[in-house]
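Use these hints to put chain B onto chain A, whose structure you have.
What follows is the residue order along each chain.
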Amino acid sequence: MSQGLNYEFLIDTFFVALSGISITLLVTVISLIIALPLGFLLAITRINRIPVIQRIAQIYVSFVRGTPIIIQIFIIYSSIPLILKAFFDKYNIQLDIYKINPIWYALIIFSFSTTALLIEVFRSALGTVKKEQLEAAYSVGLTTFQAYRRIIIQQVLVVALPNLCTTTVNLIKATSLGYAMSLPEITLNAKVAANMGYNYVEAYLDIFIIYLILCMAVEYIFKVLEKRLSKYKMANA
Amino acid sequence: MLEIKDVHKSFNKNTILKGVNLSIDKGDVVVILGPSGSGKTTLLRCINFLEKADQGHASFGDIKVDLHQAKKKEIHAIRQKVAFVFQNYNLFTNKTALENVTEGLIIGRKIPRDEAIMRGKQALDKVGLSEKYNAYPIELSGGQQQRVGIARAVALNPDIILFDEPTSALDPELVGEVLSVMKAIAKEEGTTMLVVTHEISFAKEVANRVIFMDDGVVVEEGSPHEILVTPKEERTIRFLKRVIPKDYIYQI
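Sequence lines, in order, name chains A and B.
Numbered per the numbering used here, the first sequence finishes at 237, counting up by one with no gaps.
Numbered per the numbering used here, the second sequence finishes at 252, counting up by one with no gaps.
Same shape as in the complex, but just chain A (with noise of 0.2 Å):
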């Protein structure tokens, strides 16, 4: 007999798979941690066409652009634990390579194909500030390093916002295929519920709720970021 939803599962899932929600946290802000300086350094090597790095940025941002994270997660996932198998027996190093907690994975999955979104979102971005502002920086005495800190990056930052946003959103959003590696987010929890009863439905209601809130939160929180960042591009004449 067919029934409604089942509203105590719902309930109860939803807080099943927002135990998750740590994990999908630490993976993403993690991946952007390593990700953002890393994109920004290989986008000035773009930029500045430095010849062997740019050329190399230049291939890894096709390869991740061009494959799905999913097949990229296969791939890590996979091979991997091989790499690492052939390389303790080699050196004899006493680990067992099936007891590495799959966030090790997840995050290196994840900072690699962020870190080449993020390049191109810096190219971009750093295309808009003149190298007048660079020259300007240098008269005053400032260091290459001081003029990046002081006066490029927040410019760049600035024009990078509304994309580093989708590219967060995105990330958040992408971390729910990490139940492939069994890393136990938000969607991997609610996934496990359901399996016991079959009630598939109000798991993935529950994960659907709890994705859009979180990704609105994110929205919101770059939207008073931008705000606050700009307000020398928006003051009155």
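Because the hints were derived from the structure by calculation, they are not lab data.
There may be inaccurate statements among the hints.
To be verified - Simulated crosslink set (PhoX-like; lysine-lysine; CA at most 25 Å straight-line):
id, chain 1, residue 1, chain 2, residue 2
1, A, Lys231, B, Lys72
2, B, Lys183, A, Lys130
3, B, Lys26, B, Lys187
4, A, Lys233, B, Lys121
5, A, Lys131, B, Lys52
6, B, Lys26, B, Lys126
To be verified - Simulated coverage check for chain A against chain B, where a stretch passes if three residues somewhere in it have a Cβ under 8 Å from a Cβ of chain B:
id, stretch
7, 150-164
8, 168-177
Said to hold, decoys possible - Selected chain A positions facing chain B (in silico; Cβ < 8 Å):
id, residue
9, Glu132
10, Gln133
11, Gln146
12, Tyr232
13, Lys233
All residues carry an ideal CB built from backbone N, CA and C; glycine is no exception.
Just chain B, lined up with the frame of chain A:
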């Protein structure tokens, strides 16, 4: 105080500077005149290492450098002595007028914040922008922006200020306010200046030496009277005829 010797610079196959010599004493106001493309701006940029000269030497007081092979440290040391005013102002767009002025003091020169702010306000007062401390560049007119640019240079208390066509990007009615600020700084503060400009009147009234450049070399130099009223070189005469209206009579 500042001596430049034998500066050469080309961009790809385009030779811009073909051995320029220049010597400036403390308190001098030197104006460089010349047709566009003669290398005036490039010379200024080479002095401040915004362009790397292909060849040439400079000495700033006791510092001597090879303009082609200067080390980062030497470049940094010289930029501490030389300030630059840009044609397009180049204010930091994300900083207020006051922050534009104090940035080089606090970050570049490590001057305590309070003192830097005081010096910054004094510099802005000097250029007549006491009301605009907290305005962002986007809120200022071109003339006001350039005055902030001048305040930014003056506040650094440099040995010399390089002006790269400071009024060329301005609407005609705003040129006067910038020139009078420059004049005041030259006369009242005795600041050493090297000015690339097309404003003949500024050269006439403020400079104590005028240099005429053409095609990458110094053609002629002397007092404003010598260059503007009794030029000797054919190229100088031709240039002045072009830029000075016929009925304009010079009186010095």
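Results for each hint:
1. Proposed proximity of Lys231/A and Lys72/B is contradicted: the alpha carbons are some 35 Å apart, above 25 Å.
2. Pair hint Lys183/B plus Lys130/A does not hold up; C-alpha atoms about 30 Å apart against a cutoff of 25 Å.
3. For the hint pairing Lys26/B with Lys187/B, the CA-to-CA distance comes to about 13 Å; that is within 25 Å, so the pair holds.
4. As the CA atoms of Lys233/A and Lys121/B are separated by approximately 23 Å, the hinted pair is consistent with the 25 Å bound.
5. With a CA separation close to 16 Å, the supplied pair Lys131/A and Lys52/B stays within the 25 Å bound.
6. Taken as a hint, the Lys26/B and Lys126/B pair is honoured in the structure, with Cα atoms around 21 Å apart against an allowance of 25 Å.
7. Counting residues of the stretch 150-164 of chain A whose beta carbon lies closer than 8 Å to any beta carbon of chain B gives 5, which meets the minimum of three for the stated coverage.
8. For the stretch 168-177 of chain A, the stated coverage by chain B is not satisfied: 0 residues place a CB nearer than 8 Å to a CB of that chain, which falls below the threshold of 3.
9. This hint holds: Glu132/A has a C-beta 4 Å from the nearest C-beta of chain B, less than the 8 Å allowed.
10. With a least beta-carbon distance of about 6 Å to chain B, the hint placing Gln133/A at the interface is held under the 8 Å criterion.
11. Taking 8 Å as the C-beta cut-off, the interface hint given for Gln146/A holds, the closest approach to chain B being about 5 Å.
12. Because the closest C-beta pair between Tyr232/A and chain B is about 4 Å apart, less than 8 Å, the hint holds.
13. For the restraint placing Lys233/A at the interface with chain B, the shortest Cβ-Cβ distance is roughly 7 Å, inside the 8 Å limit, so the hint holds.
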